[in-house]
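Model the placement of chain B on the given structure of chain A, informed by the hints.
Protein chains in written order, with my numbering: chain A, -6 to 91; chain B, 1285 to 1870.
No incorrect hints appear here.
Simulated pairs of lysine-lysine, DSBU-like, Cα-Cα distance not exceeding 30 Å:
hint: 1; chain 1: B; residue 1: Lys1384; chain 2: A; residue 2: Lys43
hint: 2; chain 1: B; residue 1: Lys1386; chain 2: A; residue 2: Lys43
hint: 3; chain 1: B; residue 1: Lys1624; chain 2: B; residue 2: Lys1560
hint: 4; chain 1: B; residue 1: Lys1560; chain 2: B; residue 2: Lys1743
hint: 5; chain 1: A; residue 1: Lys43; chain 2: B; residue 2: Lys1381
hint: 6; chain 1: B; residue 1: Lys1457; chain 2: A; residue 2: Lys43
hint: 7; chain 1: B; residue 1: Lys1761; chain 2: B; residue 2: Lys1552
The set of hints was computed from the structure by calculation and includes no laboratory data.
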Amino acid sequence: MKEPDPSRYVLRLFVTGQSVLSNRAIVNIRKICEENLAGRYELEVVDVSKHPEIAVAEQIVAAPTLIKQLPEPLRRFIGDMSQTERILVGLDVKKAGT
Amino acid sequence: MKAKKVSSPKAVAPKVVTLPKAATGIQGLDEITQGGLPAGRPTLVCGGAGCGKTMLALEFLVRGATQFDEPGVFIMFEENAAELTANVRSLGFDLDKLSKQKKIVLDHVHIDRSEFEETGEYDLQGLFIRLGHAIDSIGAKRVVLDTLEALFSGLPNHAILRAELRRLFRWLKDRGVTALITGEKGESSLTRHGLEEYVADCVIVLDHRVQGQISTRRLRVLKYRGTAHGMNEYPFLIGERGFSVLPITSLQLDHFASRERVSTGIPKLDEMLGGKGFFRGSSILVSGTAGTGKSSISARFVEAACQRGERALLFAYEESAEQIVRNMRSIGIDLEPWVKKGLLEIHASRPTLHGLEQHLVLMHDMVQRFHPDVVAVDPITNLTLDRDDSEVRATLMRLIDFLKQENITAIFTSLTTGGASTTAPEDSQVGVSSLMDAWLLLRNVEYNGERNRTIYTLKARGIPHSNQVREFVLTDKGIDLVEVYVDEDRVLTGSARISQQERARAALDLAKQSQQRKERQIASKRKAIQTQIAILQAEAEDEETELKFTIAQELLRQQTAQKSAQTQAALRGGVITKSSKPAAKS
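For reference, chain B alone in the conformation it holds in the complex:
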């Protein structure tokens, strides 16, 4: 039988020839196994009760039948066909329809020890015949046996059973079907009856743990002969669209780094970041204590993205979607039209609803479905309640890496505990800050009877950024950043800043006025001097005129005297003039 190699579109398989694989179509699992389960060979899936073995097996079969054109046979030992069909209908798997289309055969193998008697030697040929018949009837390429171990409780002779199981696995390989066998977890072994000894090719372990009253499902590929695979435990989820494993994206650190910049939606904040905002695809941490404006910044960021026509996802863990829309409107951010347009989706849920991993798987799911350009998580700290840090870090890293790989710009808000001034902000960040490309620190500054918000770019990889603390103001028209006043080594904000501004303005006014007065004084003085000059000039002119008059008078008298002297002389000389003047005698 030909095994079809279907590699997942995202698989980053090394360039070596690996075993042919049968893609499961299950989100994330194909990435971990680098292509799927070993084609034409049996795989064992084991785990405790209720850990999702049947779901995994069934989804493997359904996706094989619907997506990869590989019909499948589901042999169930515990549930009957009707029960199983009903159970998975909620996940959108219509087994009735698939059965009618001859894509799937369901067979319930019922074996009840109380109903029969052993009367000598036997084998399980009946099971083989049924299986063979089912495979042949639809040309099945995939087979699920769920849970084979039920045979151990049904059949008392385990020696026969073990020999038959060995034969069964060989038979399955000979038929070339990709088989998935589930097994119940044992106390000291992987499966209660040691099924792992028959299945040597691939073993997947599922686990369901409850920690702090929050359950988390995990998957691990324990063994995969002849191929590389992720060795870690990966959280998974059985969600609305079936099984979903948070995939391995952190194996590589080779994501594409965009040079494109994305505005924060706050022009002055962009200015602090070299005038252009963050890089597309970067992860931004916005941290601060309660009420410092983290949500507002992330909401504005989301709104700005929508205004650019981009798609945005907002994960809210504190407020409901309605509440966010209402509250953000009070600071001039209107998210509603974008929600209606389908550009924005707000997912609000209680952080305690799932464990961190489950949340991340959910986010992962939604991101893959919605294809956003921008993702906001508000706040990420709520997801990490009661968790030990190393685990949180590893899980968050996966999410961040995933978003980076998708070139999605992500903004995470983080609530810092304790007073902003008493603990160093670096201490309270679950060790995630190193995963982030940029970190905006919001702080409340209390001074003079009021608290004011300040913002500071703690880091921004690859972006020239301001080292200044700015005051961050929320108004009904939106978010604005204001230059803070530095006064006697203290940063002034709020009303202190305003009063300082006022004082400065008053001082400036005063200085201006006194200068004007001086100018006026000088002007009038100049005028006075000019007047005086005019007076003096007039006086000088007067004197000059006087002087000229006196000179002219003198000249005239001299002329007259000369004339009379001539006349007298003439008279004395014999000429008698008509007039004789006694005065002239002297």
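Extracted from the complex, chain A is given alone in its bound form:
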């Protein structure tokens, strides 16, 4: 394992097939990452309809779900990732209220 870099983000987005919500979430999160975390993030998109066992393992109920694995602590976001402000605050990219 590499030394964890506190500024480095590992994100996983779980979507369910080619739904409107899935597509919207993928587009939205990519945009957020590119605009705020360019060069220091990994984003994996997992289609749990193709890998249901992952949905069980990762406790996916609502979809889409974004899991921030690094940096710690682990955080979850559900929705189509349209509320950019909330995501940025949640990812600790932005302080709340600023």
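Just chain B, lined up with the frame of chain A:
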């Protein structure tokens, strides 16, 4: 997906086409629902915390997987798989094994509001995918969602959630799985979040009430679309072998009536009952105050059954099994060999251990397992402590009906309160007497400084029975009935009876003796008379002899005189006789 109709063996379904049903395999529930839950449709089970929702759901699944070849999926929202597995292991459900055999899939859906953030629109497709995956992995026919309402506390957007739940129920129907959804009881509605509005097919309400410090669980089928079902509240129990609902047997009054008679084990009591005892399958009430011998009669009844090679169950609520065996031995009833042979089971428990319903469910359970010919409950009154009568009556009726349906002869003892002579015995019988086919009344009669037991057949339906009160005696050789003595309008028992018997015997002896004396007197008188007759006869004979002698003498003298006269005449006539007698001159 094909819904399998499995009707319970005992279900008395009317001859109309009803919905296909999925048998739960849960004792009693299939009878109430006349075959099980609606197959291929969702059923809602609701009730307060700790009322047994999860148990019901789980047993539905396990029995489906093991008995009806319908694999199942258990989606849990509150416990995790390890906790659930541990919890139900004590009931004999091995979820690990069933999971390995691919008969059951357990999935714990964990949702914690503090762990996530809402960032726009979402759906619950993740849950659908997991559910679909679980169903497909084992070909499940049954699904349990326990407790779906956890989603409401987990997900803040209830508008989305409600839309998704509606979709979920439709989806479950489309998949054709028989689903069971549990829901927490709400304050003014069936479930806290109104799940009942999504599930229209079948709603089962569980309830857990504490009354007089005794808790009772009850089940009610609130709604069952398109099928007849029992509407009442039925007590249920989560026992050693899982869920058990006291079933509905009182809907019908069509049990088979046997003509066979069963001895009471007391020959003289049989005699009072037309010489043959009770009908098989009848219910017998033995009532009396403390110490009148109720337990002894029921123990003897049980022993007699075992001696005939029948199976017997004795429910004791006053003494432990050991104590009963010991005490009954003192009156010549030995139960131990039958216990050892497995013909007799004694179940002793404290009446306060459960509510009446729970006891009845337990009895029901044991009866179904043991298949006895004879059941004794000693005493039934202990179960009904602190209870209002109408409820007791209804519950007892279910038990009695059940026993009748199984053609089991049942004897119930009942402790009457108060002095036997001050209260009418009819008043103190929790209204159960009308349910009974026969009623033996035991009473203590106090007279002359002692109490004695009497027995009387108050009623015996369909059996000619004696109207006599008998004394009932317990000896070390067993139970015996003795004819009582009636003396000056009083029934005599015990030593009074014995002394009366003695007096009667003495009087009889005396009469016998005086008669004999008279006979002897007559005999001797006759002898005296005969002697006198003999004497008189002898006298008569003497006189006769005398008379004959006198007559002969006279005859002789006359002859002699004649002769001498002839001689004299001859002499006078010239013939001189040699002797001349001067005497002859005259």
